[in-house]
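Engineer: Chain residues, written in single-letter form:
There are 2 protein chains.
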Amino acid sequence: MGTSVDDHRRSIRALLAPLARREPVVRPLDRALGLALATDLIAPLSLPPFDNSQMDGFAVRSADFAAGHEFAAAEPIPAGAVPVPLARGQAAPIMTGAMLPEGADAVVPVERARPPRFPDAAELSDHARVVLPSVEPGTFVRRAGSDVAAGDVVLAAGARLGPAQLGLAAALGLAEVPARPPLRVAVLSTGAELAVPGEPLSPGQIYDSNGTLLVAALREAGIDARATAVRSDEPDALRAALAGAAESADLLVTTGGVSKGAFEATKLALAGADVEFVHLALQPGGPQGIGTVGGVPFLGFPGNPVSCWVSWEILLRPVLAELLGAPAPRPRLRLPLADPLDSPSRKLQVRRARLLTDGRVSLVGGPGSHLLGALAASDALVLVPEDVTELPVGASVEVWLL
Amino acid sequence: MGTSVDDHRRSIRALLAPLARREPVVRPLDRALGLALATDLIAPLSLPPFDNSQMDGFAVRSADFAAGHEFAAAEPIPAGAVPVPLARGQAAPIMTGAMLPEGADAVVPVERARPPRFPDAAELSDHARVVLPSVEPGTFVRRAGSDVAAGDVVLAAGARLGPAQLGLAAALGLAEVPARPPLRVAVLSTGAELAVPGEPLSPGQIYDSNGTLLVAALREAGIDARATAVRSDEPDALRAALAGAAESADLLVTTGGVSKGAFEATKLALAGADVEFVHLALQPGGPQGIGTVGGVPFLGFPGNPVSCWVSWEILLRPVLAELLGAPAPRPRLRLPLADPLDSPSRKLQVRRARLLTDGRVSLVGGPGSHLLGALAASDALVLVPEDVTELPVGASVEVWLL
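Keeping their order, the protein sequence lines are chains A and L. This note's numbering applies: residue 1 is where the first sequence begins, and numbers increase by one. This note's numbering applies: residue 1 is where the second sequence begins, and numbers increase by one.
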């Protein structure tokens, strides 16, 4: 009853495996967002690089409290300065992030001092004194290496470089990182029925939305995607477009023409090629093509907008996330249904849905693969396993967040 | 005990409210990803635009079954064609998405026909006949307007234009959309202790990571963000940098210099300006500045990397999502804790966390605001309300997914 989704993902993974071995690119941090790290990132220094104060306060030697609570105010220590060592009986005004002076092992927040403020310049030159409550060693001190130790693998090869990962690289003093190059994907929407948005619609035609939909989805995932519309069912037209696209793409994706009809343009155009057409146990998104065209990996997605988008989300995106590290996989959780549902037996059904504020998930629109308006109102997918044919309100389902 | 987070968000909202009234820009669909729609989008046509077939099959008039199950095969109808009306007793081979011929009201999938295939050209010219099982009117027909009706508001002003929304606009024949212009944000990281990644680190210095972190976070959210590092505590240096940035920014954000220390560069530089410095009931992210500089909205975030990033996620991002429609708000849910936690009383504590595959959420690192390595290992935030000081394993907490 159709190839399983897992099996087809494995086929896609095998097809795309060589893409994981492309030559890394070295990118400055501000041009690496959304790419995957090409090699393990090893910390060249510790974070924090030195013991520093967690508070605006007074740096003290905790053992000095044995001799009393009144301290001589030392020179203030701003962040960025290299402080002079702390003498016995001294308390040094220290700012958040500033290096702890040699001899100090704790910080008393300024608001707990008497007086509860920093001495001004005149007071300092007049040998100001300050009374402090006792503290344990280590209080309000951020120890060198307490976040990251020099030599640690802080990010593994394949980690997606989001804001936090790039911020971490900067904190480690790195100006650039080795990254896997962004994937170049050519999206070819096919069909004699396609009209160009902005131009008049003839009877029987529909506007081409798959190119816009899929390219936007790929770009949002950090992929270098370009759309071409092949508004013809002539095999030669699609073959020529594919040959042109293959020159500068890592992956070719068509939409449409892979089903069981009498005029399946993509099937006809690739009849002699290294491409297999299969029917997956998946609704929507059942008809699929997979192979190579001109030596370039090829995927043939179905032509209904929701089918083609589900093919990306359920088949291609998870493989890229696992194989290349980018894009990020969709967060997956289990939530209770707010609506009952029916699902065909022996097919993985993928429904569009919305998270409710009460923690349940509500279906948007029906299972139909043409319901683009409903898709635009969704923020989640509900996956109904192959062996499930109906679920009541309250049933726990697998949810992927968009 | 500090300004509440809700109150400060209201202040930010009031400060930024004029940004919602900027002149819309008209963008082609392929340059609108991630922007917010400027006006309601009204469907100029219905989707589907016409009754069409959901299957590869035979279009029939269901009433004809009263006269028998054998039909004369009519001319095939490919997608994109305008079919001739269906005569009594005829069944027209019809492809998925093709327009239903006048007179037809149902489709029988080809695999249920006898023979279970489409007649070829020779059979058609030889008056091929086909035997079909009865169907109810409407079977496997996608009615015109069943997804979207012409005249419907399909997307409200402020809707974020993601892939599905842009795909919907394309399906409706729109080549461009009115969008709110992307926000231009200047990020100025401040502090004499800052070193430039890629250059040597002097003792007491740290590498500037806030610029990279915050600009990447803003860009990922579709904001046009630029970083400047002001590696000085001289008030004039920051004032000059702010004046320069104010010329081409909708919002100025500094990091650092807003706390209670003796050398708070941002506070000193803006002592005479229309800027208020407050302390929020928030950990991390307590010290904050808000106001205008040179007539441009100004936010002063604290200088620790996690504090400055939390300020963006907890304070600024939700306000932009609500006020402008982009970026998208973070998905929020309630999940059980996998670890116990402590939280200061009267402060909203924001902890970094990871979703576990068992549906629980696990804390990453401690509450410290310098733990950038831990942040880079997180995919969620846990928000602990002001009145909660400890929570056991299994307690349900508010989670924001990153």
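One or more hints might be untrue.
[Stated by the list, open to error] The calculated label-pair distances, taken between Cβ atoms and stated as ranges, are: (1) L:THR39 with A:LEU268: 37 to 45 Å; (2) L:ASP339 with A:ARG332: 16 to 24 Å; (3) L:ALA63 with A:THR389: 46 to 54 Å; (4) A:VAL82 with L:THR39: 31 to 39 Å; (5) A:VAL26 with L:GLU247: 47 to 55 Å; (6) L:ASP358 with A:ALA14: 29 to 37 Å; (7) A:GLY272 with L:ASP339: 43 to 51 Å; (8) L:ASP7 with A:ALA121: 31 to 39 Å; (9) L:PRO24 with A:GLY138: 34 to 42 Å; (10) A:ARG332 with L:SER62: 54 to 62 Å; (11) A:GLU23 with L:ASP339: 35 to 43 Å; (12) L:GLU247 with A:ALA14: 47 to 55 Å.
Just so you know, the hints here were simulated from the structure itself, not pulled from any lab data. Small disclaimer: the values here were computed from a predicted structure and weren't measured. Where a beta carbon is used, it is the ideal one built from N, C-alpha and C, also for glycine.
Engineer: If I claimed the Cβ atoms of PRO24 of chain L and GLY138 of chain A lie 34 to 42 Å apart, would that claim hold in this structure?
Structural biologist: Given about 56 Å between the Cβ atoms, the range is violated.
Engineer: Assuming the hint says 54 to 62 Å, is it satisfied by the Cβ distance from ARG332 of chain A to SER62 of chain L or not?
Structural biologist: 43 Å, violated
Engineer: Please check whether ASP358 of chain L and ALA14 of chain A have a Cβ separation lying inside 29 to 37 Å.
Structural biologist: 30 Å, holds
Engineer: Do the Cβ positions of ASP339 of chain L and ARG332 of chain A conform to the proposed distance bound of 16 to 24 Å?
Structural biologist: 21 Å, holds
Engineer: Look at the Cβ atoms of VAL82 of chain A and THR39 of chain L and judge whether their distance stays inside 31 to 39 Å.
Structural biologist: 58 Å, violated
Engineer: Against the range 31 to 39 Å, how does the distance between the Cβ atoms of ASP7 of chain L and ALA121 of chain A compare: consistent or not?
Structural biologist: Given a distance of about 36 Å, which is inside 31 to 39 Å, the answer is holds.
Engineer: I want to verify a distance hint. Is the separation of the beta carbons of GLU23 of chain A and ASP339 of chain L within 35 to 43 Å?
Structural biologist: 41 Å, holds
Engineer: Could one say that the CB atoms of ALA63 of chain L and THR389 of chain A fall in the range 46 to 54 Å?
Structural biologist: 32 Å, violated
Engineer: Is the gap between the beta carbons of GLY272 of chain A and ASP339 of chain L within 43 to 51 Å?
Structural biologist: 59 Å, violated
Engineer: Hint says 37 to 45 Å; check whether the CB-CB distance for THR39 of chain L and LEU268 of chain A agrees.
Structural biologist: 43 Å, holds
Engineer: 47 to 55 Å was suggested as the range; check whether the CB atoms of GLU247 of chain L and ALA14 of chain A agree with it.
Structural biologist: For GLU247 of chain L and ALA14 of chain A the Cβ distance comes to about 54 Å; the hint holds.
Engineer: Are VAL26 of chain A and GLU247 of chain L spaced within 47 to 55 Å by their CB atoms?
Structural biologist: The hint (47 to 55 Å, Cβ to Cβ) is violated, given that VAL26 of chain A and GLU247 of chain L are roughly 33 Å apart.
Of the numbered hints listed earlier, those contradicted by the structure are 3, 4, 5, 7, 9 and 10.
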